[in-house]
Amino acid sequence: MTTIIAKRGTKATLVIRDARVFDPGSGIDTRTDVLIEKGQIVRIAPGKGSVGEAQVIDGAGRLLLPGFVDLHAHLRSPGREDEEDMASGTRAAAAGGYVTICAMPNTDPVVDNAAVIASLAELAEADAMVRVAFLGAISRGEKGDHLSDMWDMAGAGAVGFTDDGRPVADAGLLRAAFQAARNVNLPLSLHCEDLDLAGAGVVNEGTVSAQLGLAGIPGTAESSDVARNLDIALYEGARVHIAHVSCARSVAAVDLARKAGGAVTCEVTPHHLALNDEEVRGLDANFKMNPPLRNEADRLALVEALASGVIDCIATDHAPHATQEKETPFEEAPFGVIGLETAFAVLYSELVQAGAVSLEVLVQAMSSNPARAFGLPVPTITEGQEANLCLVDVDEEYEIDPAGFYSKSRNSAFSGRKVRGRVLLTLVAGRMAHNIL
Amino acid sequence: MNRYLLSMNDLSHEDIESLLATARVDFLDLSKRDIKKVPTLRGRTVIDLFYEKSTRTSTSFELAGKRLSADVINVKADSSAVGKGESLKDTTLTLNAYRPDIIVIRHPHVGAAAFVSRFTEAHVINAGDGMGEHPTQCLLDIFSMQQEFGELKGLKVAIVGDILHSRVARSNIIGFQKMGMEVTLVAPPALLPRGVEAFGAEVSHSLDALAGMDMIYLLRMQKERHEGANFLPSLREYIASYQVGLRHVGKGQRVLHPGPINRGVEIEGALADSQENLILHQVEAGLAVRMAVLYRIIVDNAVADSAAESEPATGEAGSTGSPEKSDTGKSAAQVEEPVKNIHAVG
Numbered sequence: 001m002t003t004i005i006a007k008r009g010t011k012a013t014l015v016i017r018d019a020r021v022f023d024p025g026s027g028i029d030t031r032t033d034v035l036i037e038k039g040q041i042v043r044i045a046p047g048k049g050s051v052g053e054a055q056v057i058d059g060a061g062r063l064l065l066p067g068f069v070d071l072h073a074h075l076r077s078p079g080r081e082d083e084e085d086m087a088s089g090t091r092a093a094a095a096g097g098y099v100t101i102c103a104m105p106n107t108d109p110v111v112d113n114a115a116v117i118a119s120l121a122e123l124a125e126a127d128a129m130v131r132v133a134f135l136g137a138i139s140r141g142e143k144g145d146h147l148s149d150m151w152d153m154a155g156a157g158a159v160g161f162t163d164d165g166r167p168v169a170d171a172g173l174l175r176a177a178f179q180a181a182r183n184v185n186l187p188l189s190l191h192c193e194d195l196d197l198a199g200a201g202v203v204n205e206g207t208v209s210a211q212l213g214l215a216g217i218p219g220t221a222e223s224s225d226v227a228r229n230l231d232i233a234l235y236e237g238a239r240v241h242i243a244h245v246s247c248a249r250s251v252a253a254v255d256l257a258r259k260a261g262g263a264v265t266c267e268v269t270p271h272h273l274a275l276n277d278e279e280v281r282g283l284d285a286n287f288k289m290n291p292p293l294r295n296e297a298d299r300l301a302l303v304e305a306l307a308s309g310v311i312d313c314i315a316t317d318h319a320p321h322a323t324q325e326k327e328t329p330f331e332e333a334p335f336g337v338i339g340l341e342t343a344f345a346v347l348y349s350e351l352v353q354a355g356a357v358s359l360e361v362l363v364q365a366m367s368s369n370p371a372r373a374f375g376l377p378v379p380t381i382t383e384g385q386e387a388n389l390c391l392v393d394v395d396e397e398y399e400i401d402p403a404g405f406y407s408k409s410r411n412s413a414f415s416g417r418k419v420r421g422r423v424l425l426t427l428v429a430g431r432m433a434h435n436i437l
Numbered sequence: 438m439n440r441y442l443l444s445m446n447d448l449s450h451e452d453i454e455s456l457l458a459t460a461r462v463d464f465l466d467l468s469k470r471d472i473k474k475v476p477t478l479r480g481r482t483v484i485d486l487f488y489e490k491s492t493r494t495s496t497s498f499e500l501a502g503k504r505l506s507a508d509v510i511n512v513k514a515d516s517s518a519v520g521k522g523e524s525l526k527d528t529t530l531t532l533n534a535y536r537p538d539i540i541v542i543r544h545p546h547v548g549a550a551a552f553v554s555r556f557t558e559a560h561v562i563n564a565g566d567g568m569g570e571h572p573t574q575c576l577l578d579i580f581s582m583q584q585e586f587g588e589l590k591g592l593k594v595a596i597v598g599d600i601l602h603s604r605v606a607r608s609n610i611i612g613f614q615k616m617g618m619e620v621t622l623v624a625p626p627a628l629l630p631r632g633v634e635a636f637g638a639e640v641s642h643s644l645d646a647l648a649g650m651d652m653i654y655l656l657r658m659q660k661e662r663h664e665g666a667n668f669l670p671s672l673r674e675y676i677a678s679y680q681v682g683l684r685h686v687g688k689g690q691r692v693l694h695p696g697p698i699n700r701g702v703e704i705e706g707a708l709a710d711s712q713e714n715l716i717l718h719q720v721e722a723g724l725a726v727r728m729a730v731l732y733r734i735i736v737d738n739a740v741a742d743s744a745a746e747s748e749p750a751t752g753e754a755g756s757t758g759s760p761e762k763s764d765t766g767k768s769a770a771q772v773e774e775p776v777k778n779i780h781a782v783g
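Chains A and B are the protein sequences, given in the same order.
Note that our numbering has the first sequence beginning at 1, numbered continuously upward.
Note that our numbering has the second sequence beginning at 438, numbered continuously upward.
If you are wondering where the hints come from, they were derived from the structure by calculation, not from laboratory data.
Fair warning: this is a prediction, and the values are worked out from it, not measured in the lab.
Take the hints with a grain of salt, since some may be wrong.
Claimed, not checked - With a cut-off of at most 20 Å between alpha-carbon atoms, the simulated EDC-like pairs for lysine to aspartate or glutamate come out as follows:
id, chain 1, residue 1, chain 2, residue 2
1, A, Lys7, A, Asp127
2, A, Lys7, A, Glu37
3, B, Lys526, A, Asp284
4, B, Lys521, A, Glu325
5, B, Lys660, A, Asp196
Unchecked claim - One-sided excerpt, in silico: chain A residues whose CB lies under 8 Å from chain B:
id, residue
6, Gly206
7, Leu214
8, Pro218
9, Glu327
Even glycine gets a Cβ: it sits at the ideal position worked out from N, Cα and C.
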C-alpha cells in the first residue's frame, strides 16, 4: 500500500452533464457528459444515453478536472489534534478538490519508524476522506544526527522521506540519506534552508524587513542550500524533490541540476505564487511562514518558472496552527499557513485568469506532476478508471472566509480575498468526498 | 493626535509641531517650579506596561503621568503574570478590564503596541517595540533640536552607529525627514539593514560624512542583540572607524544620543562630558514631551469624539462606563487647560 483511504459509504453513481471536461493527461478539453457508475467512469460522451439510476449533476459552465495531489500537508496527527487531525485535514483536502495528500512527518512523536506509520495507517483507514500517503523522517526525531530506518518505513508504506520543518544541515548525513533512499527507490523531499544564514529571521530580508525592523531571512539562505543539496543528489544519482521553493535563485539552481541530468522535481506553494512580502507590513501573523513571502521579483520568477515547467509541482504546505498561537506579536508566532481549501481558487484567480499561467499548466502542477513525483496514483478522467475528480465553479466570485473551513485551523493568508474557482464536488476513489451542490 | 501613537507615521509635520509646542509652552518649565504637579489628568489612569528593562523611558513616562495627576500603574514583565505564561492578548484584556485611559507599552517585539491596541479601548502609546519604533524618543529628539536650532527645515543630521538594531533610528529617520531635515546614515555595512535604500537617506561608511552636518546623532551599540552573530569582527575596529569624539565635532555642530551611552564605544568619554552634546537636554525634554503626549492624546480625542457626537457633555470624570463611552461623554472642557491648572496649583 502507498495510499490509504477510509472505505466508507457507497461508490457514487451519477452523471455530470455538460461540464467542460479538462484533463491534459488524457487530452480531453470538451463540453460533454460524464457517467460514473459505482465509482467508475463508464462513459465520457455527450448525448441521451441511458443513465439508469444515476443522480444528475448540472455541470454547465463548470470545470470537471482530475483530482488534485498535494505533496506537502501537515495533518498534525499525532500530537496536535487540536489544530488538525486525520478527519478534519482530509475533509479540508476534499473541499479543495484534492484526492491524494502526503502527510509530513514532523509530528509529535515524529514519524521516524514503521510503527508510527502503521498506527497512522490505521487512523487513515478509519478517518481519511481522501487518499493519504505518508512521508517518513530522514533522521531520527528530525534531529539531523542519525538516519532513520528508511527501509523499514518503506515496508510500512512510506512514499518518501523528509525532515521538513528543518533542513538536513549535515552534508554527510544527507549523502547517506540519498544512498539509503535510493536503496528503496524513494525520493527525498528537502526543506532547504541554511540556518546560519537564516539566523533569527522571521520575514524575507529586504526593504520591508528593513523598514519594519524585523530580522530578515535572505533568499540565499534557501538557494545556497538548494544548490548544495542538488549537487550532492547529482553526485549520488538520487531522486530529489525540493520543497517549497520561494526565490529566483532556487529556481535557477533547480533548472541547472535538471539540465545536468538530475532526477529533480520541485514544488511551490500557492502563497508564494500569489503574495509578496508587502503583505507583512500589517504584521498579521497569518503572513508568517517559512520560507517567507519574498519580494515581487522573486514572486514573478516563481510564476514564470511554473509556466515554463522548471517548477513542476504545486504543494500547499498546509500548516495548521491554533488561533492563540497566531494571535501574538508577529515575531512570537509560529511559521505556517493553511492552504488545502483555497489552493485552486487562489491560483485559478491569480494566475490563470490573470493570463500568467495556462489552465493546463495549473492542473498538471496540481495533479499528475506531483503524483508522478512521488509514485502516487495519477488521477485521470478516462473511461474505465476509478473516479478521482473535482467539479469547479469558475464563474461565481466568492470571498474566502476561514470561518467556513473544514480544517480545524483558521490561519489562512487569503482571508477576505475575492476569488473564483470554488470546488463544488470531489469524488475520491469513486466515493463522494465533498459536495456542496 | 490619533487615538494611538504607534509610529512616527501616525503624525504629520503639523501634528509634531503642535505637540512639541504644547510641550514647550505648557510643560517645559513645570519641572523648575517648587510644586511640579498640575491636575490636568486627575481621575485618569495610565498603565505603563514594560516588558523590557528601561530607565529613562519608564521613569519619564511615570513621572509625566504623575505630574499630570493621573493615577499611574507600572506593570513590569518580570514581576507580573507574564512570567506565568500569560499571553500579551490576555494581559491586555485583563488590564483593559480596569478601564485605563492610556496604556504605554515597551515590548521586545515589533508591532506589540499595535497588537495591544486591538484588545483595549484605551489609548496606546508605543514606548519602544523591538527593533521597530520608538516614537516618543523621536519627538523628544526633535524637541531638543528645535530648542537648540529653532527651525529644522534644511538642516543636516547624521545618524551614526548600530542602525540595524535601532528602533530609535527607524523612528528618527521618519520623523527627521518629516521635519524637512536631510538624513545621512553612517555605519559599517553589517550594521545597516539590507534594503536600507527604502529609507530615502544618504548612506555612508565613513565618519568623513560628518563634515557639513548640523547634528550628529549617535546610537548605542546594542551588544545584547549581537550575541551569537558576528556583526563586528572586533570592537577595536569599530571604535577606530566609527567612534565619535570631540575631534569629529566642528564648530556649531551638536551631538545627540538617546542613551544609555556606551562611554568609550560609540562615544568618546570627553565628548560625553562636553558642552557639545545635548544628551541631558534630551532627558529633560523627554519629560515635557511625554507629558504633552499623554495630555494631547486624551484632549485631542475628547475634542474629536465630542465633535463627532455633537452632544452636550454630561459624563462624570471616572464614569463607570467603558473607556470609549467615557471618552465620548467628555468634552474637552473637562480636561482642564494645563496652564490654568499650573496657576491653580502653583
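Against the structure, the hints come out as follows:
1. For the hint linking A:Lys7 to A:Asp127, the alpha-carbon distance of about 9 Å falls within 20 Å, and the restraint holds.
2. A threshold of 20 Å between alpha carbons decides the hint, and for A:Lys7 with A:Glu37 the separation of about 17 Å falls inside it, so the pair holds.
3. About 14 Å separates the Cα atoms of B:Lys526 and A:Asp284, which keeps this hinted pair within 20 Å; it holds.
4. As the CA atoms of B:Lys521 and A:Glu325 are separated by approximately 16 Å, the hinted pair is consistent with the 20 Å bound.
5. Our distance criterion of 20 Å between C-alpha atoms is met by B:Lys660 and A:Asp196, whose separation comes to about 19 Å.
6. For the restraint placing A:Gly206 at the interface with chain B, the shortest Cβ-Cβ distance is roughly 4 Å, inside the 8 Å limit, so the hint holds.
7. Proximity of A:Leu214 to chain B holds as hinted, the smallest CB-CB distance being about 5 Å (cut-off 8 Å).
8. Satisfaction of the interface hint for A:Pro218 is found here, the shortest Cβ-Cβ separation to chain B being roughly 7 Å, below the 8 Å cut-off.
9. A least Cβ separation of about 6 Å between A:Glu327 and chain B falls short of the 8 Å threshold, and the interface hint therefore holds.
Of the numbered hints stated above, none is contradicted by the structure.
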